[in-house]
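Number of protein chains: 2
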Amino acid sequence: MNEIISSSQNDKIKYLNKLYRSRTRRKEGVFVLEGKRLIEAASAGGADFERVFLSPAFFKADKNKDLIDKLQNRVSLDLVSEELLKETAATVNPQGIIAIVKEPNYSSEKFFKTADKILLLDRIQDPGNMGTMIRTAAAAGFEAVIALKGSVDIYNQKVIRASMGGIFAIPIWQKVSKNEFKKDLKDRAADFELLAADIKAEKYHFEHQYQQKLILMIGNEANGLAEDLLNIADMKVKIPLKGEMESLNAAIAAAVISFEILAQQLK
Amino acid sequence: MNEIISSSQNDKIKYLNKLYRSRTRRKEGVFVLEGKRLIEAASAGGADFERVFLSPAFFKADKNKDLIDKLQNRVSLDLVSEELLKETAATVNPQGIIAIVKEPNYSSEKFFKTADKILLLDRIQDPGNMGTMIRTAAAAGFEAVIALKGSVDIYNQKVIRASMGGIFAIPIWQKVSKNEFKKDLKDRAADFELLAADIKAEKYHFEHQYQQKLILMIGNEANGLAEDLLNIADMKVKIPLKGEMESLNAAIAAAVISFEILAQQLK
Chain A
1 MNEIISSSQN
11 DKIKYLNKLY
21 RSRTRRKEGV
31 FVLEGKRLIE
41 AASAGGADFE
51 RVFLSPAFFK
61 ADKNKDLIDK
71 LQNRVSLDLV
81 SEELLKETAA
91 TVNPQGIIAI
101 VKEPNYSSEK
111 FFKTADKILL
121 LDRIQDPGNM
131 GTMIRTAAAA
141 GFEAVIALKG
151 SVDIYNQKVI
161 RASMGGIFAI
171 PIWQKVSKNE
181 FKKDLKDRAA
191 DFELLAADIK
201 AEKYHFEHQY
211 QQKLILMIGN
221 EANGLAEDLL
231 NIADMKVKIP
241 LKGEMESLNA
251 AIAAAVISFE
261 ILAQQLK
Chain B
1 MNEIISSSQN
11 DKIKYLNKLY
21 RSRTRRKEGV
31 FVLEGKRLIE
41 AASAGGADFE
51 RVFLSPAFFK
61 ADKNKDLIDK
71 LQNRVSLDLV
81 SEELLKETAA
91 TVNPQGIIAI
101 VKEPNYSSEK
111 FFKTADKILL
121 LDRIQDPGNM
131 GTMIRTAAAA
141 GFEAVIALKG
151 SVDIYNQKVI
161 RASMGGIFAI
171 PIWQKVSKNE
181 FKKDLKDRAA
191 DFELLAADIK
201 AEKYHFEHQY
211 QQKLILMIGN
221 EANGLAEDLL
231 NIADMKVKIP
241 LKGEMESLNA
251 AIAAAVISFE
261 ILAQQLK
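Protein chains in written order, with our numbering: chain A, 1 to 267; chain B, 1 to 267.
Only chain A is shown next, with the shape it has when bound in the complex (with noise of 0.2 angstroms):
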């Protein structure tokens, strides 16, 4: 290990720096993590890390002694004054630890035949709705998330945050445009049902016997699905709502259809 990084003009820590920039983040192809907990998520999760920034006093501590270990046979770690690691990152107190990992690739022919069940995003706007929608999509047994076009950058602080390690727990693949999933839909996902959650469904959520092999859509927070993608689902389901209220928050949505297929194969 060299010596402690104490100036922000230190060229790893300029990088850094501007990673935090969403579109320098996204022509690096990296993301910024914040934090033991997260960062202990990605190594379990098998996250290819780029590079790790860590205070003194954090490598010192015994409790941090596992995760050292684990991240000193795949990434060169980097000491860092504590008042530097603060003021660079996006948290208030980032816990002694930064890293920068690669964005994960995924090929659509891999993704439908490693997962049954998937959940689709139509441009959702809300970071902390994405990252609670993929926390809870992996706790709902989902194996897969596809984030269409349009929607919040997975990789943004809040998402990351939000999705409580959540994004490394199962794949997602972002940016996917509409006319690409569709033509996969065909060619490689034929054999999915195809759920859309739709206000003007007829049926309830829980009157439907859900398939096996499934992909459930969620649409937009304000305005739910796209139209063409309504049009082409298999069956589309709703919440009933009660009190008068119009709508549901598309996490809280997306979250109890995702049980109900859960409780259904677990009875």
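In case anyone wonders, no lab produced these hints; they're calculated from the structure. Be careful, since some hints might not be right.
[What the hints assert, rightly or not] As a list, the in silico DSBU-like pairs of lysine-lysine whose alpha-carbon atoms are at most 35 angstroms apart: (1) Lys175/A with Lys158/B; (2) Lys236/A with Lys27/B; (3) Lys267/A with Lys242/B; (4) Lys203/A with Lys203/B; (5) Lys178/B with Lys110/B; (6) Lys86/B with Lys236/A; (7) Lys36/B with Lys70/A; (8) Lys86/A with Lys60/A; (9) Lys149/A with Lys110/B; (10) Lys110/B with Lys86/B; (11) Lys242/A with Lys175/B; (12) Lys242/A with Lys63/B; (13) Lys236/A with Lys267/A; (14) Lys183/B with Lys238/A; (15) Lys238/A with Lys242/B; (16) Lys110/A with Lys86/A; (17) Lys113/A with Lys213/B; (18) Lys238/B with Lys110/A; (19) Lys186/A with Lys27/A; (20) Lys242/A with Lys200/B; (21) Lys113/B with Lys186/B; (22) Lys27/B with Lys213/A; (23) Lys200/A with Lys12/B; (24) Lys242/A with Lys113/B; (25) Lys200/A with Lys182/B; (26) Lys200/A with Lys65/B; (27) Lys242/B with Lys63/A; (28) Lys63/B with Lys200/A; (29) Lys60/A with Lys200/A; (30) Lys238/B with Lys158/A; (31) Lys236/A with Lys63/B; (32) Lys200/B with Lys203/A; (33) Lys158/A with Lys178/A; (34) Lys158/A with Lys178/B; (35) Lys63/A with Lys36/A; (36) Lys86/A with Lys70/A; (37) Lys238/A with Lys213/B; (38) Lys183/B with Lys27/B; (39) Lys203/B with Lys238/A.
Position chain B against the provided structure of chain A, taking the given hints into account.
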């Protein structure tokens, strides 16, 4: 209607400004609403308005006539310049209207008599979660919410916005002490089934047959329900978790159980 207020030194505007501080808000027993949609929801829910500020453009617009007619019968309206209204508001765009509403008062006696399904929230911290829980509870047919002391103020601007009008759809009794709740439970709600969402429960949420009259208890985001509340529960239920995820977001957990209860009643 008097002239248009355009100075931030106007006494009514100074009072309004102070209400954005939560201590003053609580002391005065009122809260602030911004935007047409929320104020319509408040009006429909029978809210007790103290004062309404609106821009000359909002006042003149044909599409706002219905709302203004309703408000004029109940409260004094003040015209405020567009600029001053924007400067005062917490949202980027208050859409021409801000209202001060009196906090409703609930007696526990009435509370348990008029509701069959009640959601109890124990130390919910995140305003977005709190608002979403209220919105979801109303949508799932819950008829009341009790927020125990230590939960975020339901009249916090972020809670109000996330609730999407839900805070006007059902009565919410907040800042209730645990002892007060336990006493009421004995004295007034002995015939309610007391349910706890508990990650360590033995039964899955879909394995239990819920009673008609029930109180569903949901705990703090990080730590769940307090031990003593778990101990008095008639039944504990958990949600199955896959993908090595350790937990769900608290609002998601509340939604999944609430809609299972509703589904059982509709089946």
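We went through each hint and held it up to the structure:
1. Under the criterion of a C-alpha separation no larger than 35 angstroms, the hint pairing Lys175/A with Lys158/B is consistent with the structure, at around 30 angstroms.
2. Only pairs whose Cα atoms come within 35 angstroms are accepted, and Lys236/A paired with Lys27/B is rejected, the gap being roughly 49 angstroms.
3. As the CA atoms of Lys267/A and Lys242/B are separated by approximately 15 angstroms, the hinted pair is consistent with the 35 angstroms bound.
4. This hinted pair checks out: Lys203/A and Lys203/B have alpha carbons roughly 28 angstroms apart, not beyond 35 angstroms.
5. For the suggested pair Lys178/B and Lys110/B, the alpha carbons sit about 18 angstroms apart, so the restraint of at most 35 angstroms is met.
6. For the given pair, Lys86/B sits about 42 angstroms from Lys236/A by alpha-carbon distance, which is inconsistent with the 35 angstroms threshold.
7. Proposed proximity of Lys36/B and Lys70/A is contradicted: the alpha carbons are some 54 angstroms apart, above 35 angstroms.
8. This hinted pair checks out: Lys86/A and Lys60/A have alpha carbons roughly 18 angstroms apart, not beyond 35 angstroms.
9. For a cut-off of 35 angstroms, the pair hint linking Lys149/A to Lys110/B is broken: about 50 angstroms separates their Cα positions.
10. At roughly 39 angstroms between alpha-carbon atoms, Lys110/B and Lys86/B are farther apart than 35 angstroms, so this suggested pair is violated.
11. With a C-alpha separation of about 26 angstroms, the suggested pairing of Lys242/A with Lys175/B holds against the 35 angstroms cut-off.
12. A distance of roughly 27 angstroms separates the Cα atoms of Lys242/A and Lys63/B; the hinted pair therefore holds under the 35 angstroms criterion.
13. Straight-line distance between C-alpha atoms of Lys236/A and Lys267/A comes to about 22 angstroms, which keeps the hinted pair within the 35 angstroms bound.
14. Restraint check: the Cα-Cα separation between Lys183/B and Lys238/A comes to about 39 angstroms, which exceeds 35 angstroms; the hinted pair is violated.
15. A C-alpha spacing of about 24 angstroms is found between Lys238/A and Lys242/B, which places the hinted pair at or below 35 angstroms, so the restraint holds.
16. Distance restraint check for Lys110/A and Lys86/A: the Cα-Cα separation of roughly 39 angstroms exceeds the 35 angstroms cut-off, and the hinted pair is therefore not satisfied.
17. In summary, the hint linking Lys113/A to Lys213/B is not supported, as the alpha carbons are separated by about 46 angstroms, beyond the 35 angstroms threshold.
18. About 33 angstroms separates the Cα atoms of Lys238/B and Lys110/A, which keeps this hinted pair within 35 angstroms; it holds.
19. A hinted pair counts as satisfied when its Cα atoms are at most 35 angstroms apart, and Lys186/A with Lys27/A qualifies at roughly 31 angstroms.
20. With a CA separation close to 30 angstroms, the supplied pair Lys242/A and Lys200/B stays within the 35 angstroms bound.
21. Proposed proximity of Lys113/B and Lys186/B is supported: the alpha carbons are some 14 angstroms apart, at most 35 angstroms.
22. Using a Cα cut-off of 35 angstroms, the hinted pair Lys27/B and Lys213/A is violated, with the two alpha carbons roughly 56 angstroms apart.
23. Among the hinted pairs, Lys200/A with Lys12/B is inconsistent with the structure: their alpha-carbon atoms are about 45 angstroms apart, more than 35 angstroms.
24. For the suggested pair Lys242/A and Lys113/B, the alpha carbons sit about 19 angstroms apart, so the restraint of at most 35 angstroms is met.
25. With a CA separation close to 42 angstroms, the supplied pair Lys200/A and Lys182/B exceeds the 35 angstroms bound.
26. Taking the CA atoms of Lys200/A and Lys65/B, the gap is about 30 angstroms. The hint holds against a cut of 35 angstroms.
27. Proposed proximity of Lys242/B and Lys63/A is supported: the alpha carbons are some 27 angstroms apart, at most 35 angstroms.
28. In summary, the hint linking Lys63/B to Lys200/A is supported, as the alpha carbons are separated by about 26 angstroms, within the 35 angstroms threshold.
29. Straight-line distance between C-alpha atoms of Lys60/A and Lys200/A comes to about 58 angstroms, which puts the hinted pair past the 35 angstroms bound.
30. Simply put, Lys238/B and Lys158/A have alpha-carbon atoms about 27 angstroms apart, close enough for the 35 angstroms limit, and the pair holds.
31. A hinted pair counts as satisfied when its Cα atoms are at most 35 angstroms apart, and Lys236/A with Lys63/B qualifies at roughly 34 angstroms.
32. Of the supplied pair hints, the one linking Lys200/B and Lys203/A holds, its CA atoms being roughly 33 angstroms apart against a limit of 35 angstroms.
33. Restraint check: the Cα-Cα separation between Lys158/A and Lys178/A comes to about 25 angstroms, which is no more than 35 angstroms; the hinted pair holds.
34. Under the criterion of a C-alpha separation no larger than 35 angstroms, the hint pairing Lys158/A with Lys178/B is consistent with the structure, at around 34 angstroms.
35. The hinted pair formed by Lys63/A and Lys36/A meets the criterion: a straight-line CA distance of about 11 angstroms does not exceed 35 angstroms.
36. Taken as a hint, the Lys86/A and Lys70/A pair is honoured in the structure, with Cα atoms around 24 angstroms apart against an allowance of 35 angstroms.
37. Of the pairs offered as hints, the one joining Lys238/A and Lys213/B holds, with about 25 angstroms between alpha carbons and a cut-off of 35 angstroms not exceeded.
38. Straight-line distance between C-alpha atoms of Lys183/B and Lys27/B comes to about 26 angstroms, which keeps the hinted pair within the 35 angstroms bound.
39. A distance of roughly 27 angstroms separates the Cα atoms of Lys203/B and Lys238/A; the hinted pair therefore holds under the 35 angstroms criterion.
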